[in-house]
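All chains, please: the whole structure from these sequences, using the hints.
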Amino acid sequence: MDFRILVLGLSLLAWPVAADTDKDMDDLVSLIYQYPDAAKQKLEAIGQQPLTQQQQLRQQVLMCQTLVQLGEHRQAINLAQTSQQQARHSKLEQAIVYFQTCEADAYGDQEDFKRAFTLLDIAIEESKNRNQPQAIVGSLRLKGTLEYAVSNYSAAIESLRLALDVYPDLEKQRDHWVWPPIAYLYADMAGVMHATGDLSQADYYLDLALKTPETKGKIKQALAVMGARIALDAGDRAKSLRMLQSAIELLPEISSPLERAFSQAQIGSIELMLGNLAEAEADITAASAIFVSNKNLLWELRVERLLAQIRIAQKRPDAALRYLNSSANLAQRLSQYDDLSRTYFLEAKLYAENDDYKNAYLSMLKNVAAGEKAQQKLNNTQFMQYKAKLELQEQQKTKAQQLISEAAANQQQQLNRIYAFIIFLLLIIAGLATWIFGKSRGWNLAVHLNQSSDEQLAEHMLNTAKNAGYPLSVLLLDIRHVRQIELPLLQDEIEKKLREQDKLLQHSATELLILLPYTSAIGSERVIAQLEPVLQRWHTAKIHLGAASLTQPDTLQTLLKRANANQLNRSRSDDGLQSAAR
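According to numbering that gives the first Met the number 0, the residues represented by the sequence shown are 0 to 581, in order.
If you're looking for bench data, these hints aren't it; they were derived computationally from the structure.
Where a beta carbon is used, it is the ideal one built from N, C-alpha and C, also for glycine.
No false leads were mixed into what you were given.
Cβ pair distances, simulated, as ranges: (1) Ile422 / Ala564: 50 to 56 Å; (2) Met272 / Ala467: 52 to 58 Å; (3) Arg525 / Asp232: 25 to 31 Å; (4) Gln483 / Pro552: 32 to 38 Å; (5) Tyr517 / Leu91: 56 to 62 Å; (6) Ile521 / Gln244: 50 to 56 Å; (7) Leu297 / Gln500: 48 to 54 Å; (8) Leu364 / Leu456: 48 to 54 Å.
Within a straight-line C-alpha distance of at most 25 Å, the following computed SDA-like cross-link-like pairs (lysine to any residue) qualify: (9) Lys365 / Arg321; (10) Lys219 / Thr195; (11) Lys348 / Leu273; (12) Lys127 / Gln55; (13) Lys90 / Arg173; (14) Lys41 / Pro251; (15) Lys465 / Gln455; (16) Lys171 / Asp23; (17) Lys502 / Pro470; (18) Lys210 / Ala37; (19) Lys372 / Pro532; (20) Lys113 / Glu92.
Put into structure tokens, the structure is as follows:
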């Protein structure tokens with residue numbers, strides 16, 4: 000038989016097998032989140048089959064997410080890191096973003112937010128560059144949950160809304176990898192709304208999550224726990240009890256002992272809030288045994304704090320103090336200052352209820368100190384995230400320059416071969432350059448005209464404030480870090496935070512001017528605090544804002560000079576703090 004005919008025949012036979020394998024992995028995407036233990040077994044079986052390089056990497060992506068769902072975080076991190084190297088070697092770089100998101104998910108579950116946020120920022124940027132909507136949804140959804148975990152609720156809502164906007168594009172992606180169920184996005188949004196006190200919206204998103212076809216197994220059980228807590232906070236005790244009973248009945252659906260322990264701890268905390276102390280103690284004690292056997296110190300300290308609350312409710316202060324001391328020691332060892340602060344607050348409350356005001360005062364001092372360390376840790380995390388974004392931008396700039404250099408070298412080789420064509424090409428380039436230059440001059444003229452008009456308005460507002468005797472402040476914002484195409488969107492976001500009488504003007508090509516009538520120096524600092532979350536999304540940190548308040552001798556020029564000097568002082572102060580931290 001002709002060898003070529005044999006190869007063709009084998010390839011035709013192999014094609015349906017490859018297609019079936021891809022479909023099997025598509026079917027496993029939801030199963031990972033519903034029944035991760037069953038998904039793991041099927042993925043191990045698929046791993047034994049002959050796979051293409053891309054199928055092998057996808058099998059590893061799915062396995063990584065499965066390990067995260069099972070709470071096996073260290074194994075997930077190891078798999079993600081080794082698989083990234085394999086993806087680079089196989090020239091399948093689009094797979095890397097899925098492994099980065101999985102690795103960030105594992106770090107996030109361990110509350111290592113510095114690593115998690117850094118990986119996510121890289122993954123989101125690369126997902127956009129490589130047109131991977133499945134990766135964009137996964138990384139944005141995870142970023143939203145981590146922002147919620149560090150109490151950055153407005154950023155969390157923005158990330159989750161973006162993920163929901165992109166979700167309809169998932170099926171348009173040619174090569175499938177992995178994506179979170181939409182029920183998870185609805186549930187995450189419900190969690191953020193619950194945290195902000197918007198219980199009606201929380202209930203709305205939870206209802207959407209419960210109605211999705213993929214809500215089975217672990218997903219349904221987690222939603223039942225969330226529903227019990229939201230209903231309890233809304234004052235609907237009967238609904239809370241129904242949802243809690245549903246969560247208890249669905250516990251056997253979770254096959255992983257560690258994941259089941261997480262849920263039992265949450266169920267126990269709701270039982271405690273309902274006043275069911277015996278049930279709460281049984282659930283929390285069972286969860287504690289699993290955490291101890293798995294050496295999960297983070298959750299061990301948290302269940303000990305819950306057990307302390309049960310002892311307080313049982314009027315057993317000595318036993319409660321023993322649990323609180325143990326929880327505080329573990330929190331100190333793990334540098335979990337937020338947990339430490341909560342533990343000391345409970346301790347202070349317990350002392351005060353027993354009229355031991357001296358120890359209550361000492362515990363409150365410890366609570367304040369731990370809270371300050373928790374805030375400092377959060378600030379460091381946010382700074383590291385911002386620094387990582389800047390480094391990523393620099394890397395992309397270097398990569399772009401390298402690509403330009405390579406393109407120039409290739410063009411030079413072509414010049415040597417086809418000289419006549421190059422002359423024609425140079426003429427086209429010259430024409431384009433002339434067109435771009437003309438457009439640029441026109442744009443600069445428009446900026447200049449706008450600038451002149453804005454300056455007249457600013458002068459008018461300043462003179463009016465001086466004549467009427469009311470305070471006026473200005474903010475000067477450096478926008479050199481903002482891409483020109485994004486500037487209208489930034490201005491729109493800023494205006495949403497301002498009052499109707501406030502004015503946002505373009506002072507120059509690199510600066511925006513915000514005029515705040517009836518605003519003192521103290522009021523201008525409040526406006527800066529309100530604008531900071533908006534500005535951080537455009538990599539424009541607080542140090543790029545300068546503020547100045549009007550005095551009677553001021554002209555517009557002197558006021559702007561003081562605002563510019565204030566901007567420089569903020570920058571130097573921030574640099575000094577960073578140097579001291581290092």
